[in-house]
Every structure is written in structure tokens, then in C-alpha cells.
Amino acid sequence: DVKVTQSSRYLVKRTGEKVFLECVQDMDHENMFWYRQDPGLGLRLIYFSYDVKMKEKGDIPEGYSVSREKKERFSLILESASTNQTSMYLCASSFLSSGSSYNEQFFGPGTRLTVL
Amino acid sequence: AQKITQTQPGMFVQEKEAVTLDCTYDTSDPSYGLFWYKQPSSGEMIFLIYQGSYDQQNATEGRYSLNFQKARKSANLVISASQLGDSAMYFCAMSIVMEYGNKLVFGAGTILRVKS
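Those protein sequences? They're chains A and B, same order as listed. Per our numbering, residue 1 is the first one in the first sequence, and the count goes up by one each step. Per our numbering, residue 117 is the first one in the second sequence, and the count goes up by one each step.
Hint data in this document are derived by calculation from the structure and do not stem from the laboratory. Built from N, CA and C at the ideal position, the CB exists for glycine as well. One or more of the hints may lead you astray.
Unchecked claim - Have a look at the derived ranges for each label pair, beta carbon to beta carbon:
| hint | chain 1 | residue 1 | chain 2 | residue 2 | range |
| --- | --- | --- | --- | --- | --- |
| 1 | B | Asn-174 | A | Met-27 | 26 to 34 Å |
| 2 | B | Met-214 | A | Asp-26 | 34 to 42 Å |
| 3 | B | Gln-173 | A | Glu-72 | 18 to 26 Å |
| 4 | B | Gln-118 | A | Gly-63 | 34 to 42 Å |
| 5 | B | Asp-171 | A | Gly-63 | 16 to 24 Å |
| 6 | A | Thr-15 | B | Arg-188 | 23 to 31 Å |
| 7 | A | Ser-67 | B | Arg-179 | 40 to 48 Å |
| 8 | A | Leu-96 | B | Asp-145 | 13 to 21 Å |
| 9 | A | Glu-62 | B | Gln-173 | 22 to 30 Å |
| 10 | B | Thr-123 | A | Asp-38 | 13 to 21 Å |
| 11 | A | Lys-70 | B | Val-194 | 39 to 47 Å |
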């Protein structure tokens, strides 16, 4: 079974802190993704990575950065956390699809981040 | 721009009855895929069903079927014989083919409650 794990289920941080959210997948997937989920907005893509050290901005990258030093690990960084970054953060991974529209993404359990 | 619209914030269904969750999409790409995911209260995202834009037949997976009407740009999920365990948030998503892999665009979701 594909397994995507995230470092924390719940996290509470203070405004201005630097926050690291870690995601690890064990299926040798090329692609990895970070989403945030907010009520009424669904999931929105923050960043994705298609290879080690490669990254692309998603739809809402402002206030976030990412790091992918190893294929299995994709980190989301909040350089200076703010209260409007309180949200559920979901990591996902998938194989490289090579032009096919079928590309199931496998999700981690999510991290509920609260910024006070 | 690609967009997914789920117009039903919440739905109720009686146990053992069928229910349809609506999804409309907007894209000008000829190649795309449509996914449905289920998110129980525990938070994990569970893949349910996929339909490719070139697929001639509607997708089915057990009690789930996808009513794909390409001309109307709709991809409704039909759950037959609802069970209490079907109570969850349901997301419709569209895959967008990119050079280095696909990204998913999600709708806002529909909360389904199954009544006994």
C-alpha cells in the first residue's frame, strides 16, 4: 500500500514563528504536492515538486516555501507564520503521468495547524 | 481557467437510498480527468472513482458511478444503496496535464449525511 505520512496531526504555533511541515512517501513517487484545505474553498495547491530540488508554484504560494532534498521527502515551510495560515495542510504524492490525465494522488492524513 | 463547481454544500440521504452529488467543471483542454475523493471525519482523502475525458463509458466502482455528461461539462457522483459509513465530505477534482505531471483542481466539497 502507498503510504504518505505527515510529521504531525496537530500543531500550534505563534505568529512570527518559522514552521516546518514534513511529508514522507514510501512509493518512489516522482511528484509531491502540498495543499491547504479551508471550509467552503476545498483544497488549494500551494506548491508541487516533480523531482528532487525541483519545485513549481501552485495557486496560493504566497507566504510559503518548500524543500525537496530527497525523493521521498517534501517539506512545507512557513517563514513567518501568520494567523491567516491557520488551516488543514495535506500532502500528496503521485507517479509521473507522462501526459496521461489519469494520475491518482495519494494523500497523507493532514496536519491541522493553528497559528495564535 | 480551469474550475470545479460543487453547488451542494450539504446533502442528506436516507440509508439504503441512492444519492447524486453534483459537479460541473470548466476547461478548454481536450484531455483531462475527473476524480472523486471521499474525506471522512478522520481527515484522510480516499480515492473513489476516475473518468477520463476520452472515455466513452461512464465509470463505475462498486456502489459508486460517475454520470459523465461531456457536453454539459458535468461529472456527478452517484452513490447507490447509501450506508451510514458514507457520511463524509466528498470532493470532485479535475486533473490538468502539465509537462512534469498532473495537478488537481478541487471543488469546495459536499458534506453528505446518511440518516438511519
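Quiz prompt | Hint numbers not upheld by this structure, sorted from lowest to highest | solution = 2, 3, 4, 5, 6 and 9
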